[in-house]
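If you read the sequences in order, they're chains A and B. For the first sequence, my numbering begins at 1 and goes up steadily by one. For the second sequence, my numbering begins at 1 and goes up steadily by one.
Misleading hints may appear alongside valid ones.
Stated by the list, open to error - Partial list, derived from the structure: chain A residues whose beta carbon lies under 8 Å from chain B: (1) V23; (2) A24; (3) L49.
No lab work stands behind these hints, which were simulated from the structure alone. Every residue, glycine too, gets a C-beta built ideally from N, C-alpha and C.
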Amino acid sequence: MALSPQKVQDPAQRFRDLFDRNVAWMSRTLQRFGVHRRDLEDVSQEVFLLIHRNLPTFDGACHERAWMTAFAARTAANYRRLARHRRQKFSDELEEPAPLEANTALRPDVEMEMRQRRRLVLTALRTLDLKKRVVVSMHELDGFSASEISTALHIPTNTVYSRLRSGKAEFRRALMTLTKPGDVG
Amino acid sequence: MTHQDLNSNRDLETLLEAERLEPPMPAFAPKLRRRVEAAALVGAASTTLLDTVLETGIKKSWWNPVGTPPWLALGMVASVATGVGIGANLAEDPPPQGVPVENVRLPVPSTKHLHGFAPATSTNLEKRGYETRGIPGSTDSSQAVPFKVPHPRAPSAEALLQAAQRSLDRGEPMAARLLLARCKILFPHPPEGFASSITQLDAQIQQVLDDQAQKAAGATTPPALISAPVSP
Chain A
1 MALSPQKVQD
11 PAQRFRDLFD
21 RNVAWMSRTL
31 QRFGVHRRDL
41 EDVSQEVFLL
51 IHRNLPTFDG
61 ACHERAWMTA
71 FAARTAANYR
81 RLARHRRQKF
91 SDELEEPAPL
101 EANTALRPDV
111 EMEMRQRRRL
121 VLTALRTLDL
131 KKRVVVSMHE
141 LDGFSASEIS
151 TALHIPTNTV
161 YSRLRSGKAE
171 FRRALMTLTK
181 PGDVG
Chain B
1 MTHQDLNSNR
11 DLETLLEAER
21 LEPPMPAFAP
31 KLRRRVEAAA
41 LVGAASTTLL
51 DTVLETGIKK
61 SWWNPVGTPP
71 WLALGMVASV
81 ATGVGIGANL
91 AEDPPPQGVP
101 VENVRLPVPS
111 TKHLHGFAPA
121 TSTNLEKRGY
131 ETRGIPGSTD
141 SSQAVPFKVP
151 HPRAPSAEAL
161 LQAAQRSLDR
171 GEPMAARLLL
181 ARCKILFPHP
191 PEGFASSITQ
201 LDAQIQQVLD
211 DQAQKAAGAT
221 TPPALISAPV
231 SP
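Okay, chain B solo, but in the shape it has when bound (with noise of 0.2 Å):
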């Protein structure tokens, strides 16, 4: 297209032409859509709170399960809700031999022994087999960007589904039910047998939180009144 082209409005056209078809799907879509219901669910006035929210969630939830304020709790039901949550970028799309990683956004490395994940180096990103180009530590090291990878020490599924029947059977089941989130959250897609064990203790804290409730709320009701007396 040249300056000359450009004088009658057909070569407009021309030139808008490219610009006028439908774009594709962007690679971020998928997860761009569970980041806004889960920001929507937990009612974050910006996907920035929600990040702390989650975090913060996490954090709690490890260290004082039974003291989780509710808006945590909140924030902890959406991301399982959702699919969003600490890990879930990586756990959800394991990036194959060779891809850069530039793009994975991870948790804060103040939260690393919290939730399982390590700042990266070139050393341990070279070890799964990641490009690591752009890296800090790797050769080019110009477009650096700081994210984490899992690390070798993170609980496996089964230890905190164990631990989340532990804390059932002890009669917490609010701890019971985040231990849960928790798995869910860092093994979205766990194999057949797993999931059917997630899903009955699930049921099982359900039916424990169920009884609770009605408990709790038979105590509330007011005694019944004393028969009045019969009028002879």
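Excised from the complex, chain A in its bound form (with noise of 0.2 Å):
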């Protein structure tokens, strides 16, 4: 995955080329970190903020969306740990994952099969403790190295590894048993 260019351009342009080159994976990303489907414009609201602020401090030193992660975990963080969101259920399992491209032309059979794996993948994600989760969303689904990870999150390479090899074999174990003979999938 290449780096961002830093171009030298209004601020304000280039925080509203950042935000549509990237509101819509946003949205799928704090949703994989367990942001409730009625809450992903709250939220990607909030991660946003914290973006529009500390874009002039982005050197390009990794790639933006893996930038951009790190708010998006931390968010992610806050949004569980408050009360609200405690004191309710969170009903992970089986949550419908966002639609697909209108226009992507699928066969309406294809589309289904596309969509229950998603949700398969979203609901074994989110059985992963949110630091885990977050390095194997990056990793396997976003396609960044360990160490545009770990320049992203600020965390050593090893710790990195760490966290993928547990994470992924946890992720794995969790699809293993959602598609158990008899379970959903």
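Hints given; two lone chains; assemble the complex.
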């Protein structure tokens, strides 16, 4: 994945471009991190506010999405910690994923199959604790290398590898459980 | 996908493939960007604070436009500059007939008579062609969400523009500016001729404010030194 080019441009325009490129991806990332669909707009708002504030300090040392993931992870952690969210029972299992692009022109049965797969992945991902979930999501789904993840999250590369190893094993186990005969999937 | 299928890495990759596709732009994206920019403009620590600033700004400016503190005025300016404001949601994106409006978020009830919005009821929504499913008073109130619709007695754009002009004529440019701001918030997409009137009045207000600032600056400039006596 290429590094973001550091262009000298109007800060407001820079934010707008970044927002337009990443708002959809951010929404999905937050859902992976355990934000309920009904809260996606509010939580996205808080994340982008943080990004807006910190954009002038972004030096392009890692991919912009990797950099943004750090804010998403922190905000999602706060969201989960909030009393009102602790009190309510998270119906993580079988939460409906956001729809795919309307014009993907897929056959209905193929689309249904893809939706079921995404639901499985989302459900399995949510069995991991947030730290492992962030690393697994960044590596397995967004395609970032361990060193990129290490730079973005400000953690040692060995910690990334360790979280990735145990996270992937747990993720696979969760998928196996979810796809047991007689279960959903 | 079955339990056995997951035994190979290739099948795991197949499973992850769909989740890796670039997702579509969420419907809330344009509004979200404007709200973030507005919050950043007023330096709000959170968007909840931004909402408070905008609410109070509107309320204060309506009752006491001249005495509006600068941070509230800034909130107003931010709301106008970014198109976020009281009633902006409905004014910008009027939902077509029959579309549920659960996601519409509008001001708190206490300010309804100030900015022309009244609490929604199933009756006044139905009159306007909205679907009332999930709204208190309708047949299915299981997912009731509080929101409001434009009040029938809300001031018209013309009335606001005239009020702003009168304020300017009285020598109250700040009051005029705030009335104009309110007009812009409630009617973000005015017709051609009306938009030019707004621009014209905006320019007039700016001119008056500039003159006042210049005059104030002149008043504080120290008087010219008395010329020193010419030596013989």
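Status of each hint after checking the structure:
1. At a threshold of 8 Å, the smallest CB-CB gap from A:V23 to chain B is about 5 Å, leaving the interface hint in force.
2. For A:A24, the shortest C-beta to C-beta distance to chain B is roughly 5 Å, which falls under 8 Å, so the interface hint holds.
3. Interface restraint check for A:L49: the shortest CB-CB distance to chain B comes to about 5 Å, inside 8 Å, so the restraint holds.
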